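**Student:** Protein chains in written order, with the numbering used here: chain S, 1 to 403; chain G, 1001 to 1403; chain F, 2001 to 2403; chain V, 3001 to 3403.
The set of hints was computed from the structure by calculation and includes no laboratory data. Please note that a few of the clues may not be correct.
[Said to hold, decoys possible] Derived Cβ-Cβ restraints for the label pairs, each shown as a range:
no., chain 1, residue 1, chain 2, residue 2, range
1, V, Ser3369, F, Glu2149, 18 to 24 angstroms
2, S, Ser210, G, Asp1213, 37 to 43 angstroms
3, G, Pro1359, V, Thr3220, 28 to 34 angstroms
4, V, Gln3140, S, Ala110, 57 to 63 angstroms
5, F, Ala2366, V, Ala3160, 20 to 26 angstroms
Here the structure is a predicted model, which is why all the values come from computation and not from measurement. Beta carbons: idealized from backbone N, C-alpha and C, even for Gly.
Protein chains: 4
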Amino acid sequence: MNTNPKKIALAYSGGLDTSIIIPWLKEHYPAPIVAVIADVGQGDDYEKLRQKALRTGADEVVVAPLAEEFLTGYVWPTLKAGCVYDKTYLLGTSMARPIIAKKQVEVALATGCDAVAHGCTGKGNDQVRFELPYMALAPQLQVIAPWREWDIVSREDAIAYAEKHHVPIDQTVKKIYSRDQNLWHISHEGGALEDPAQEPPEDMWLLTRSLRDAPDTAETVTIGFERGVPVSLDGQRLSAVALLTRLNELAGRHGVGRADLVENRFVGMKSRGAYETPGGTVLVTALRELESLTVDRATAEMKEQLGHVYARLVYNGQWFTPLREALDAFTDHALARTTGEVKVKLHKGHVLTVARTSPNSLYSNALASFTMGELYDQKDAAGFIRCIGLPQKMAALLGVNRP
Amino acid sequence: MNTNPKKIALAYSGGLDTSIIIPWLKEHYPAPIVAVIADVGQGDDYEKLRQKALRTGADEVVVAPLAEEFLTGYVWPTLKAGCVYDKTYLLGTSMARPIIAKKQVEVALATGCDAVAHGCTGKGNDQVRFELPYMALAPQLQVIAPWREWDIVSREDAIAYAEKHHVPIDQTVKKIYSRDQNLWHISHEGGALEDPAQEPPEDMWLLTRSLRDAPDTAETVTIGFERGVPVSLDGQRLSAVALLTRLNELAGRHGVGRADLVENRFVGMKSRGAYETPGGTVLVTALRELESLTVDRATAEMKEQLGHVYARLVYNGQWFTPLREALDAFTDHALARTTGEVKVKLHKGHVLTVARTSPNSLYSNALASFTMGELYDQKDAAGFIRCIGLPQKMAALLGVNRP
Amino acid sequence: MNTNPKKIALAYSGGLDTSIIIPWLKEHYPAPIVAVIADVGQGDDYEKLRQKALRTGADEVVVAPLAEEFLTGYVWPTLKAGCVYDKTYLLGTSMARPIIAKKQVEVALATGCDAVAHGCTGKGNDQVRFELPYMALAPQLQVIAPWREWDIVSREDAIAYAEKHHVPIDQTVKKIYSRDQNLWHISHEGGALEDPAQEPPEDMWLLTRSLRDAPDTAETVTIGFERGVPVSLDGQRLSAVALLTRLNELAGRHGVGRADLVENRFVGMKSRGAYETPGGTVLVTALRELESLTVDRATAEMKEQLGHVYARLVYNGQWFTPLREALDAFTDHALARTTGEVKVKLHKGHVLTVARTSPNSLYSNALASFTMGELYDQKDAAGFIRCIGLPQKMAALLGVNRP
Amino acid sequence: MNTNPKKIALAYSGGLDTSIIIPWLKEHYPAPIVAVIADVGQGDDYEKLRQKALRTGADEVVVAPLAEEFLTGYVWPTLKAGCVYDKTYLLGTSMARPIIAKKQVEVALATGCDAVAHGCTGKGNDQVRFELPYMALAPQLQVIAPWREWDIVSREDAIAYAEKHHVPIDQTVKKIYSRDQNLWHISHEGGALEDPAQEPPEDMWLLTRSLRDAPDTAETVTIGFERGVPVSLDGQRLSAVALLTRLNELAGRHGVGRADLVENRFVGMKSRGAYETPGGTVLVTALRELESLTVDRATAEMKEQLGHVYARLVYNGQWFTPLREALDAFTDHALARTTGEVKVKLHKGHVLTVARTSPNSLYSNALASFTMGELYDQKDAAGFIRCIGLPQKMAALLGVNRP
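Here chain S stands alone, though its shape is the one from the complex (with noise of 0.2 angstroms):
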């Protein structure tokens, strides 16, 4: 990893980690700058940062509007496969991270690069989310990771850097959150989130209102469901980003979607996150309940299981991999019959279900009713119970197993 890059792409956000690495390269790899900008929805002013790269030393720059894909390749199938990692984090940066590399791979081998870049340290996930999509898609390309080979060990040191390289910040030390935004969510991290025996402060939130200002009057959305895709809001069909646009300001402004937990890093150990996934959080209930009628028990608990599994790969940054491909095809075909509405009721943080209907439902009210009726004889489960309890039976007539 020691060979001189004759031309690097940088995946470039405008803040002040990847803002810096530009003169940071500029000065010790000598080499032209692709800044590689991804919109995954997180509400940049594009322009503006385009000419703020190219102002800090950047030689090209590539805008890619991502957001679209992002939603329909990335989130809508780990929506689908049912995924929350640490029983709380629906996976916003991770999610992202993967599309990004891609496109920064891409953007590299159409522009001569032979070398990528990007901001994150050698603490976090992200490095890894980046790396491993980078080694899956283009291996003959040179990694370049500044924030493990430089002396800057502190925010403070990054913005002394970027004040000498006259890098306009908008950061100040005041500023102590990471975060990270896109469509799906905001993420969090720092500050006195490091102290998990402190509250997250009310004003770190941005995309969802709290307890208190939330309204007093529950307002109800109806999501429509093909296959397991979002597809509709109140039986209206919707692009990806228009159905999450809207949902995430109904449900940011009932204070739906915060989450605040310690989770285990990839790389080995706990770190403090807080999170908001307003629209994200309406959709993960919406289907997990829309799935109540139309999945199977024993295809619903293989699909639970199977979820954390996939929630580890995308937390982990696995995502080229050949085993997410093939949990893709478990869900498929366990979602291919998800199809109907639910229609929620949002209020004071909550996400509560008034109706689930589906073309497909495998609820029978003649069954479940306590009324008996044709189409199951109760007889059947005295026998049913005789033969599940046989083992116990047995093991207690033989003196084995119990006292």
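Keeping the supplied structure of chain S fixed, place chains G, F and V upon it in accordance with the hints.
**Tutor:** Just chains G, F and V now, with coordinates in the frame of chain S:
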């Protein structure tokens, strides 16, 4: 099963179902009846129940105070195992059945019964949860399940039978919900719930206030755990019953602990249930947060997976099985260091973590912090990533798996 | 189930059990009988069976040649899924039942039957493997299981009944094994096997030579696979039936493929079975060796785990289920690159791998070799280990978990 | 890791690799060396090894007799957990590393060392299996892994270095296999094995006779187990070392216990290994057969799944982890009743079960027999099947899931 029992021990709750069973048994099985009343914290007037049982035909009555044992021997192990069935149900009814069945068997053996009877229908889970324990603990006893034998096929039929046999009922046809309560929870089935496209009516809920009525001001409480078992509230050591009673009151006031789901019954059909588990919901959340400090990643992942298995065993009535006991051994070891305190805020139906602390915390601020330190060399991550990604890199270089 | 069927389709094998069912059905259900004879490669004289069925009372006979479809549609998917039940049983009987039941249902519907019957006892697995497919494919059909209805309780009773009704039998009381054969395997139950402390007598085995009689000289054969499916022997492309027929002969001659185990039946009891699967044993071994080249570690681990699930589904008769189909989707993807050849040596009951080759091999001699090369920097391993060990290091430094 | 150690404890085997490490350490780290020689039953002349270590530059030598503890504390737990890695490897090397590392750490701490060194390369699994225990047991110790530091890149280089530094070697360039032996097994890597399309040469195998040379006559042996632990041979109670020594001799004579596989190393690449585990193969088979009598189906299924997890932990060097210990707790409970005897026949490389007996057997001849009895009512199976099949029946009736 056509033998004539000499004496029958009946699991007696005093509700409509078990009340009419006494005269029905008298009519069809001419044998003395011992009514076994289990106090698992449902808060009934047990003296009144005793009188009612005797008045309607029971020959003997045993009232068994089981609440403390129910919590320490059944609820705490399930809590420690991390059980949540179908992502939302906290298994309140499922955990109570085995202890009731066990006591019923003990009474049966002590009073010379050769048969046991229960009032569960042939469509539900509870028949399994009674009868599998019978088979494991005393397979020689005959099992009588009147609901699988008689002609009564609806609640209306049951009421008519009660009236005909002068069984006093406070149940009317309008009181349509089928309910089961203990110190951990109350369940609701039937009525409007039988349609999954209908919202539970607000007046169905009994233990938790509505979001509207829950106070605008949050309340905090600190739960102390020792080896995964809740032992104190706000620093005050309490018995299990005292602790949960107080927590139920607090959490119920803030609307915490409602669940509404379509679930998959063990006997094969989907059904709809609603549950209120106020204090339990707080404990599940708090323990999970404490574990996030004290349990390492690999153990946590395995524990999560085994928690699903444990939940299914409990849901399915397979409590007295070698597998459940072996899983307990796993959990006890996994939580041997899970001692500490979690402070939570109860507000508008939410349990929000305020602080997690443990003398055995594996969280290292120095490691987690953005600022770099000595415990961890960032360059290590490069090697880590290159080893993790080696299979995908080789696949790419060999032209396999990736286009 | 007390309805009087108008016409009955019987799964007819020509053995003792199904032979006496014809007169018994005539006696108890006065309806025409269609005998359905499935050829799954068991090698019977089907014309003779047809005559026997008609002679003993069947009104119609359908002989269905299913061997090729049995292999391609049932055996190959199970092989690809990596199924081995209880570590040794290759599921020969389990895989055959669903295709027979499916054909039986098709014949029933085509010939105007409203009932289906089979000759399995009420203690075994096969009743489940027939009836679950009936329920999945044509739940409206009445199911008749004479063994669960009649008074015949032993093989001796059955023979007496046959003699009384002039049903010709080549079965004598001394021929005590209950057997099931198809192109994949033969199973043996009963007789000396009922005692798990008794060795299977040498004369019980039918398809495989004893170790003593197997040749002293090994024989080699090369199996070609495409996407996990066996397609050729020694370079010669063959139909499924031709391939397995030849492999059975070869492997049987060398004593390959015996299994003898105590297994856990789905209906709850333990039982003893012995199996001969000569060609199948070779295929299972060969495919596993090929996968060791073509499948990456993470996918292989998951596939192994799901193989157990698949094996249980097959064993339990749950073939026509959404879960089995979703697992197929996973496997098909996981084995999309598993093309290549495996050369094995058959010798004294062993299948010894001689050579594994694949155009998609992920094995890199340069990487595996003791001699160091360029693809991998040994220093990376240091970082890898330090990240992997970080949780235990922190636990040790914090004085947690380790004494 | 650039600190200068004051004193180094070296895991010393006396082979080529560790022998040249002594002069190399002397050259690069001017500190006294304590050579730690672990006797895990590899059968070396330890006095000779001691002299060799001193002669080539070690300042102190400690010979630690660990064979009995190796079996009882490491091998038996892994045996009980049912571990087989990649379906064939019995983990002989993997289990030995942690006990050696633990002893090395103890010696290091007792003799005032501040560093530990080992002779594993940077490409293999063993470096991980040494260093993770170091990190778990004494993270303050510096780790020196010469193979990841020096310029020696091949066996030829190593031999040249040895000759130059007058280190006596019995290794020649032609002795190409890299081997590791202990009482449980011997492993072979390198040489012809590096090509997965080449068969292991017959002269590579050291502990097991070829099929050709194995006796034509079988030999039987009865293994007694208590709670899953082997305690006797043919009724004679033996220490672990005595038992395995005798079993190795017996099984080796009959050619039992060879394995040859392409495996997935923890550091990411595929490699080829061959193993001989004669006595161990007998024990694995015998214990599995005993468990088939004593363990119920549900526990057996879970144990099988957890066995894979345990095997990966052991293979990966993650012995000293909370997860491994929690899995032990599970296994200990699951096998609490696995006491009994298994008689096996060793013949031409096979371990054939002759008889399984246990006072805690759950096998009931009456239940398993074809002949019907009183313990089980066949009609129960009908109800069992109808409950199990209800979801598919409903799906079919509702027109969902099936065409």
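**Student:** Does the Cβ distance between Ala2366/F and Ala3160/V fall inside 20 to 26 angstroms?
**Tutor:** Given range 20 to 26 angstroms: holds, Cβ gap about 22 angstroms.
**Student:** Assuming the hint says 28 to 34 angstroms, is it satisfied by the Cβ distance from Pro1359/G to Thr3220/V or not?
**Tutor:** 56 angstroms, violated
**Student:** Per the hint of 57 to 63 angstroms, is the separation of the Cβ atoms of Gln3140/V and Ala110/S within bounds?
**Tutor:** 50 angstroms, violated
**Student:** Does the Cβ-Cβ separation between Ser210/S and Asp1213/G fall within 37 to 43 angstroms?
**Tutor:** 19 angstroms, violated
**Student:** Between Ser3369/V and Glu2149/F, is the Cβ distance one that fits in 18 to 24 angstroms?
**Tutor:** Since the Cβ atoms of Ser3369/V and Glu2149/F sit about 20 angstroms apart, the hinted range of 18 to 24 angstroms holds.
In terms of the numbered hints stated before, the structure departs from hints 2, 3 and 4, listed from lowest to highest.
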